[in-house]
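Protein sequence lines correspond, in order, to chains A and Z. Heads up: the first sequence begins at 1 in the numbering used here, then just goes up one per residue. Heads up: the second sequence begins at 298 in the numbering used here, then just goes up one per residue.
Hints were generated in silico from the structure; no laboratory data involved. Note that the Cβ used here is the ideal one computed from N, Cα and C, for glycine as well.
Label pairs and their in silico Cβ distance ranges:
#	chain 1	residue 1	chain 2	residue 2	range
1	A	G79	Z	A439	29 to 39 Å
2	A	E119	Z	P378	20 to 30 Å
3	Z	E356	A	A26	33 to 43 Å
4	Z	R432	A	K200	41 to 51 Å
5	Z	I385	A	R181	35 to 45 Å
6	Z	G355	A	K10	32 to 42 Å
7	Z	Q346	A	R181	15 to 25 Å
8	A	E119	Z	G443	24 to 34 Å
9	A	G32	Z	E420	26 to 36 Å
Chain Z residues, not near chain A, derived (Cβ > 10 Å throughout):
#	residue
10	E325
11	N384
12	E438
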Amino acid sequence: MSLPLLDFVKTRTVLLDGAMGTELMARGLPQGTAPEAWNVERPGLVKEIHGEYFAAGADVVSTNSFGGSALKLAGHGFGGRTYELNLAAARLAREIAPAGRYVAGSMGPTGKFLKPQGEFTEEDFAAAYAEQARGLADGGADVLLVETQYDLREALAAVRGVRSVSLLPVFVTMTFNSFPRGYFTLMGDTVARSAAALEKEGVEAVGANCTLNSEQMVGCVRTLRASTDLPIIAQANAGQPVIGQDGRVGYSQGLEDYVRFVPEIVRAGAGLVGGCCGTNPAFIRAMARIFNNKERS
Amino acid sequence: MNRDELLRSMNEAIVAGNKAAAAALGAEAVRSGADLLEVIEKGYVPGLQRVGELWEQGEYFLPELISSAEAMKAAMAVLKPELDRKNIEARGGGKVVIGTVEGDIHDIGKNLVASMLQAGGFEVYDLGADVKLERFIEKAEAVGAGIICLSALLTTTMTNQKRASPRKGPPRQVQGPRRRRACQPQVGR
Numbered sequence: 001m002s003l004p005l006l007d008f009v010k011t012r013t014v015l016l017d018g019a020m021g022t023e024l025m026a027r028g029l030p031q032g033t034a035p036e037a038w039n040v041e042r043p044g045l046v047k048e049i050h051g052e053y054f055a056a057g058a059d060v061v062s063t064n065s066f067g068g069s070a071l072k073l074a075g076h077g078f079g080g081r082t083y084e085l086n087l088a089a090a091r092l093a094r095e096i097a098p099a100g101r102y103v104a105g106s107m108g109p110t111g112k113f114l115k116p117q118g119e120f121t122e123e124d125f126a127a128a129y130a131e132q133a134r135g136l137a138d139g140g141a142d143v144l145l146v147e148t149q150y151d152l153r154e155a156l157a158a159v160r161g162v163r164s165v166s167l168l169p170v171f172v173t174m175t176f177n178s179f180p181r182g183y184f185t186l187m188g189d190t191v192a193r194s195a196a197a198l199e200k201e202g203v204e205a206v207g208a209n210c211t212l213n214s215e216q217m218v219g220c221v222r223t224l225r226a227s228t229d230l231p232i233i234a235q236a237n238a239g240q241p242v243i244g245q246d247g248r249v250g251y252s253q254g255l256e257d258y259v260r261f262v263p264e265i266v267r268a269g270a271g272l273v274g275g276c277c278g279t280n281p282a283f284i285r286a287m288a289r290i291f292n293n294k295e296r297s
Numbered sequence: 298m299n300r301d302e303l304l305r306s307m308n309e310a311i312v313a314g315n316k317a318a319a320a321a322l323g324a325e326a327v328r329s330g331a332d333l334l335e336v337i338e339k340g341y342v343p344g345l346q347r348v349g350e351l352w353e354q355g356e357y358f359l360p361e362l363i364s365s366a367e368a369m370k371a372a373m374a375v376l377k378p379e380l381d382r383k384n385i386e387a388r389g390g391g392k393v394v395i396g397t398v399e400g401d402i403h404d405i406g407k408n409l410v411a412s413m414l415q416a417g418g419f420e421v422y423d424l425g426a427d428v429k430l431e432r433f434i435e436k437a438e439a440v441g442a443g444i445i446c447l448s449a450l451l452t453t454t455m456t457n458q459k460r461a462s463p464r465k466g467p468p469r470q471v472q473g474p475r476r477r478r479a480c481q482p483q484v485g486r
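In isolation and in its complexed conformation, chain A is listed as follows (with noise of 0.2 Å):
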């Protein structure tokens, strides 16, 4: 049996994956479409693409199930498919996965509010999340992935709906913008607020994902360390998403730029470095050379 994520952690720097959406659009996901539908209608196509992460080097992959908690899946009218969708999400990427490789049962946000601003309880949010978390554990996740929080209330909401159902390690990933008074979420939370409570709700890694690009990840990383002993994810984007001349959706970002800044986030303290948003398998690849030069030789 291989290492558990959590002792392998403490042995190097752990490669994550980059993006899923923009790979499956690529693969001609249709707009509109909830990416996680394609786990059980184009379960080949989802599994190229953990099996590409795979090749370049990714440790661990993230699951297609972002959008797969049951409150997000409504909006798309699968709200009674969340196990199912969820299930068949970890299990492609269990089946792809090579021996001694991770797959992480991904969880993004609701996308709704908790009262007062919105209409939604923190219990409400624990069951959406719960039985998302029911579905990757049952389909072989190693780790459960609560990412891309906005609002801390939210994310703890999530850990405590994943701890009600599994045992499995939770790590946990919140989405800070940067301002001249320091990094927040939407809501307005620091990094150090965050950390310590997701930290006293027993996580067992604590990150920024999403929004930053590289170089601004270096300085949220920095602050994650001063904040928390927890292992330290960080996966930053592209930079912002631009339309080029061409109509297409690009990253402002290239990737040696953002490369460049790679190093550093692992020097300020990240040991689960993986990409974003405008990365694809060539940022891993890249990645992972890095990673090899440095550690792996």
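Assemble the complex: chain A is given as a structure, and chain Z must be docked to it using the hints.
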């Protein structure tokens, strides 16, 4: 409370997101026979503008923005019947059609903008999420809207914002995740 105190308190109530105070000050303005257009334009609106600045600076976040918009709406709910009764037309921003583009079900940003526009005196027609481009145009023509706002969170639906930017017709405002500045010149007409 003299005029200056009233205007300052209105400004502060909006900045603080204090719905009850904003409404109570509106009621006091009505009771004391104050110039209602002046209290809107020199009392409440500067407060709303200040909130926008604080948001841009990273001092205010989504909860504060929503509270302030709610306070503004509460004030207007008190003033509007009185303005109507006196046949006074408050200077509004005009009519706006807003929605999230086809293929995208994300509505956080769209709701926020709709709320702020409404608070700022615009007449807002919210078409919801996953809206076909044709519906924006049809609605704008039907109600005589001068502005169409298109929201997209997904980069894959950003291109729909561009598709909705023809050479004629109402101006289109586009909106996306933290790319206000980055996106607009790209998609603009």
